[in-house]
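Order-wise, the sequence lines are chains A and B. Heads up: the first sequence begins at 48 in my numbering, then just goes up one per residue. Heads up: the second sequence begins at 69 in my numbering, then just goes up one per residue.
Read the hints as simulated data drawn from the structure, not as lab findings.
Computed from the model, here is a short list of chain B residues facing chain A with C-beta under 8 Å:
id : residue
1  : Asp89
2  : Tyr92
3  : Gln120
4  : Ser121
5  : Asp141
6  : Ala142
7  : Ile143
8  : Thr145
Quick list of in silico lysine-lysine cross-link-like pairs, DSS-like style, CA-CA up to 25 Å:
id : chain 1 : residue 1 : chain 2 : residue 2
9  : B       : Lys100    : A       : Lys396
10 : B       : Lys91     : A       : Lys77
11 : A       : Lys396    : B       : Lys117
12 : B       : Lys91     : A       : Lys396
13 : B       : Lys108    : A       : Lys396
14 : B       : Lys178    : A       : Lys77
15 : B       : Lys117    : B       : Lys194
16 : A       : Lys396    : A       : Lys368
17 : B       : Lys117    : B       : Lys100
18 : A       : Lys312    : A       : Lys295
19 : A       : Lys372    : A       : Lys384
20 : B       : Lys100    : A       : Lys455
21 : B       : Lys110    : A       : Lys396
22 : B       : Lys194    : B       : Lys133
23 : A       : Lys368    : A       : Lys458
24 : B       : Lys91     : A       : Lys455
25 : A       : Lys455    : A       : Lys443
26 : A       : Lys458    : A       : Lys443
27 : A       : Lys443    : A       : Lys370
28 : B       : Lys91     : A       : Lys458
29 : A       : Lys458    : B       : Lys100
30 : B       : Lys178    : A       : Lys455
Backbone N, C-alpha and C define an ideal beta-carbon position, used for all residues, glycine too.
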Amino acid sequence: MKTEATTVENYDVQKYRHDFPILSREVNGKRLVYLDNGATTQKPRQVIDSIVHYYAHYNANIHRGVHSLSQEASAAYEAARRTVQTHLSAAHAEEIIFTRGTTDSVNLVAAAYLRDRLQPGDEIVITGMEHHSNILPWQMLCEERGAVLRVIDITDSGELDQAAVQKVFSPKTKFFACTHVSNTLGTINAVKELTALAHDYNVPVFVDGAQAVPHMAVDVTEINCEFYCFSGHKVYAPTGIGVLYVKKDVLDDMHTYQVGGGTIKTVTFEKTEYVSGPLKYEAGTPNIEGAIALGFALDYVNAIGMENIAAHERDLFVYAKSKLKEIAGIRFIGEAKDQAGVISFVVGKIHPFDIGTILDQQGVAVRTGHHCTQPLMNRFGIPGTVRVSFALYNTKEEIDLLIAALNKAVKMLS
Amino acid sequence: MNIAEIENEIVEEFGMFEQWDDKYQYIIDLGKSLEVLDEKYKTEDRLIKGCQSRVWLFTELKDGKVYFHADSDAIITKGLVALMVRVLSGHTAKEIMEAPLNFIEQIGLKDHLSPTRSNGLLSMVKQMKLDALALTAKN
Chain A
48 MKTEATTVEN YDVQKYRHDF PILSREVNGK RLVYLDNGAT TQKPRQVIDS
98 IVHYYAHYNA NIHRGVHSLS QEASAAYEAA RRTVQTHLSA AHAEEIIFTR
148 GTTDSVNLVA AAYLRDRLQP GDEIVITGME HHSNILPWQM LCEERGAVLR
198 VIDITDSGEL DQAAVQKVFS PKTKFFACTH VSNTLGTINA VKELTALAHD
248 YNVPVFVDGA QAVPHMAVDV TEINCEFYCF SGHKVYAPTG IGVLYVKKDV
298 LDDMHTYQVG GGTIKTVTFE KTEYVSGPLK YEAGTPNIEG AIALGFALDY
348 VNAIGMENIA AHERDLFVYA KSKLKEIAGI RFIGEAKDQA GVISFVVGKI
398 HPFDIGTILD QQGVAVRTGH HCTQPLMNRF GIPGTVRVSF ALYNTKEEID
448 LLIAALNKAV KMLS
Chain B
69 MNIAEIENEI VEEFGMFEQW DDKYQYIIDL GKSLEVLDEK YKTEDRLIKG
119 CQSRVWLFTE LKDGKVYFHA DSDAIITKGL VALMVRVLSG HTAKEIMEAP
169 LNFIEQIGLK DHLSPTRSNG LLSMVKQMKL DALALTAKN
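Next up, chain A with everything else stripped away, as it sits in the complex:
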């Protein structure tokens, strides 16, 4: 569903802002400037309405009923799956598994795919810029199976150390997990090239796309990874819904994850036969309205065009960085050549928490802290950062408000 790219000059940000009811509210008596989109995005009316419409008009359990409501709900749920398939340029709809979110997707792959393939002494490779969610399930598997977690170092600018990348894979490597875009540094990793390198060693690849899918067009077929995942709530959909893409030839080669209703062909007390395809991994009544609303959210961004959103956010990024540079004592954490979505920084010795508190008083919402990347914070020798993160509805005027609020915070705290 790729729309024709229009120029970013035709990007009607004010029109899009009107789609997001929350953007007109005030915080602490000030106009809300929401720049914590890396944590979660706000929701457009179209997504909110889709949830209300589902419950008001065709709420029913799916894949079970012969009655009309169940047919309608099932059709909408499966239509959402095809919307995700198209959005990710996946070859088949059944490669799309609905999960609770990125964390759930990682845990699913760790349990259903990797656990039984891992022998003592085997290695899992990750990078030094992973979110805790893309560390802990692998770390736990390593502890359980006597395997080794290998971590690719990152450079001072926040990029993967290419020398380390070239050396890390070996016949011992059984799996590679890597973020597409760092939630703390904004670094865009060359996942297509990394996947090709891992494949040279017959290593399957898992890509965490939580911070990529909201900001750029993603093509899993081109990346050629075995697994790709993202969270709905970071791309204008509700919380509690996420996606795991699994390449078709791997899909039926995985164990069940959670088991229960909807996952089976036949059950006897002696033996159960499971279905194939994504339903095998969607035990119990799924988050039906979440999946449907995710479909609406993806329709929404595709109507604007991912290339247009990327170009608009690129503009904001460049503008914000040029303005932030003027603040005395600022130190950017993450200065990679390719960045998207987030700008992380510290100012002098001021604690990020203090800056966040004073910004909040002025209606400006940012994230402060370690961003669930403590190993990365240790790498840079800081307790945390202030993180500004963008969405399709942010404006340069909001960046100006951020800068004014930040200047005030720095003045008060210095």
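Chain A is already provided as a structure; the job is to place chain B on it using the hints.
Below, chain B alone, put in the same frame as chain A:
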């Protein structure tokens, strides 16, 4: 002054501030002027972990009264810590346990004591009360 009187005094002080920034500047200045806790007291067992800012608390008993010394790596948290120390330090364990601590709400900083704020302040108040009880029980 007893605890209630100190709380009232603080509420009066904050009553002078009409703007949020005056109030926060005052808290920041309190944080800056709070005596720095000697590094030797900043040990792991005295650390109260918030998700974002860290607070260290050192408690001692003198002549039946409990004295608190505290510090934080974030200056706003440290200012709030200073207020807590001012209110609770130098009283008996019983007085500390019964302290209403309404002043935080009255000066409009209640959300800083919320468990979702994760600045360690709520945990610190709990720890102050626990320390007071434990020290008094030992002696």
